[in-house]
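Q: This is what each chain is made of:
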Amino acid sequence: MSIVNMQRVAVIGLDTEKEKLMNQLMDFGAVELTDQSEKLSEEIWAQTASVDEDREKVISLEAKANRAEQALEVIDRYGDIKHPLFRTRRAVKKSQMDKLIEGEEKNEKNVDYILGLNDRIHSINEKINKLIQDEAFLSPWVNYDLPLETEGTETTAVFTGVLPVGTDTEKLNARLEEEIERVLFKVVGSDKDLIYTAALTPKERQEDVLAILKQFGFSQTAFKGYTQTVGENLKRIAGEKDVLEKQKEETAAEIAAAAGMKGGIEQYWYILTIMRKKEKIRTKLLKTRKTFFIEGWVPEKCVPKASAILEENGCYYTFRDPLEDEEVPVLLHNSSAVVPFEAVTEMYSLPDYRGFDPTSIFALFYAVFFGMMLSDAGYGILMAVGCFIVLKKFNLEGMTYKMIKLFFYCGISTIIWGALFGGWFGDIVAVFSRTFLGKEVVLQPIWFNPLDDPMKLLILSLALGIVHIFIGMGIKAYMQIKEGKWLDAVCDEGFWYITILGLIAWLGGGTVSTALPKVGMYMSIIGAAGLLLTGGRHNKGFGKITGGLSNIYSITSYMSDILSYARLLALGLATGVIAQVVNTMGTLFGGGFGGLIALVLIFILGHALNLAINALGAFIHSSRLQYVEFFGKFYLDGGEPFDPFRRKTKYIKLED
Amino acid sequence: MSLIDGNTLALLGAAIAALAGIGSAMGVGIAGQAAAGVVAEDPKKFGKTIILQALPGTQGIYGLIIAFLIMVKIGLLGGNMIELTIPQGAYFLAAGLPIGLVGIWSGIAQGKAAAAALQLTAKRPDQMVKGIIYTAMVETYAIFALLVSVLIWLRIQL
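Residue numbers (the working numbering), protein chains in the order written: chain A, 1 to 656; chain B, 1 to 158.
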């Protein structure tokens, strides 16, 4: 129930058995092979062995697999296949997978066909983009009604161009008329950056006109390659765009019609992926002329079965425990009830192989904190039922499965806390019966209403926090004792236990018994003295004194850690009050039929929003309490996940 | 009746609490700009970015809660306002201050953290949850301010 013990395996076998052994190991799926190329830097290995690889074959398989996957994505995008809410892998019988339904040639042809259609869509898209650019370029000129190829007549010149917005065109016009006399200058359009203008002048004055215009920031626009007027051009572009859009739709329909190829391509892709995996794993093999050598990790429990496989293939092999400084892959193993909470641990970072997997310990706290922060039985029912349906309907795996199951548990916890605090969609029962039935019906909380007695809930929150933090410190102490550092365990955790418990008894014990504060006072003094004396034990000289002082000073960090759990109260109240706000708003329209419809609409919208925001908040802050306050006390992170050589792929799940 | 009586002070408290919305509006705005940038690169990330954008929105909600609680307690929503003494009104003003002030600045700060978390999500989508946690760290102080506001509000005797 924690981090799985690993065994290091080293194998030497005959080249002739290699293929069969690799197939069996892949089916077995519990051996992670490690890279051996480092060994080749040692002379003794370099003389006899080399890395076993066929890079070209890997590359060609990879290219084929990528193309097949791309084809699958294309079918997914344009195909008429409904996308479920959660992506699940297709379960296929193993016996069906070993042989291709259709030959490689046929499959390659299908992939080519799909990708060809995809390329066609791409090129159509490019053309459409080009037209859109043209359209954007021309549309400000829509009022300029000369054909675009016109550059003037025998004696006149026409030119077009833009001025920056804000240019005083009247002043410009006056100046032109004053200096040039016979000139026609017109504004044809404008947008937020530019003014679009055209000018007609006698040819011999063209340069002078341009010179004046340039003083006003004019820059000429040329319509190279265009004929006919802007309006005609825009019409043509719109027509071409329609044609292209239609072609695109037709091509997409062709892809959709070919969706029947999906199964075959999927299987083809699967086989390519497996072949590539087999080819790629060879880079982790060392070979001589007649033998091969592999090393890797096997979970302790799988050692007998692994040995049987190695035995069968006539290999020489050894198993040993990991060495002190070896990096060992991490595999978590927890009872099935706790597995969903591994999602929380994995999101943080896997524990180091020599660390501690706290999943089974914080699981209960996680659900409790979540429930206290959402604390509405109605919301809890929605969450739990929703997650339950998803779990039944979809064959989920991995992280998605864990998250949904996690929310299912959290939903149940929310129902419990909601019932304890009397929150059922806020106070909807009371509000509804008051407004529509004219009676006072109140669903009484089983325990107490936090709004009536917030101090009680605050104390409960902080108490839960202290227990949570103490357990975290306990894990640290356990780890230290396991390493033989029992003195550290006493000094770092033991004295803190005494000090904190003492302080609590000293400051708050008076209400329980008159003797408690005195006991608490002595306890905290003893604890603090211990901390002061031992805090600097690893330091030298003067550091021994400052170490102790800084150790005492870290009481502030314990205080802030404990107070951090006040969020359990605050977020719990927030959910409840917002729910009440929603209900109150719903009744603002009074009783009667119209009022009822208003209430239902506001109820659905308001509570959906409140549930979404506060479930997210509860998830985040429950995680935070684990990550910062709890993990902070002991967690050793940075483990690499165990990644065995196996048949797992993205689209297909094998069944025996 | 003078210009400032207990009820004016209490309503001022509710108004100040609602100012926490300034922080949320700015925070959500900052995060929204970053989110749009991320989605421009990869439209599939919309679902992820909307979560991060929503995070700085809670301060405004907390402010609304306190404003609402004050309005309920002084009977503003029922139509008949209770006559408050000046000290009573000042208590309500005090209840509105923490979330109103902390909400403004924590909302802005959280928006900046959310924007950074969005950049993180753009580059390493698998690490998004860590970005959410970083962003939620800022929220802690808004939650504490909410707590203080609620506790003051609860202890006001009428």
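Where hints are given, some of them may not hold.
[To be verified] In the PhoX-like style, the derived pairs of lysine-lysine whose C-alpha atoms are separated by at most 20 Å in a straight line are:
no., chain 1, residue 1, chain 2, residue 2
1, B, K44, A, K650
2, B, K123, A, K402
3, A, K402, B, K48
[To be verified] A few chain A residues that face chain B, going by a derived Cβ cut-off under 8 Å, partial list only:
no., residue
4, M347
5, G543
6, L569
7, L616
It should be emphasised that the hints constitute simulated quantities derived from the structure, not laboratory data. Since the structure is predicted, the reported quantities are computational estimates derived from the model, not experimental observations. Note that beta-carbon positions come from the ideal geometry of N, C-alpha and C, so glycine has one too.
Q: Broken hints, numbered, in rising order?
A: 2 and 5
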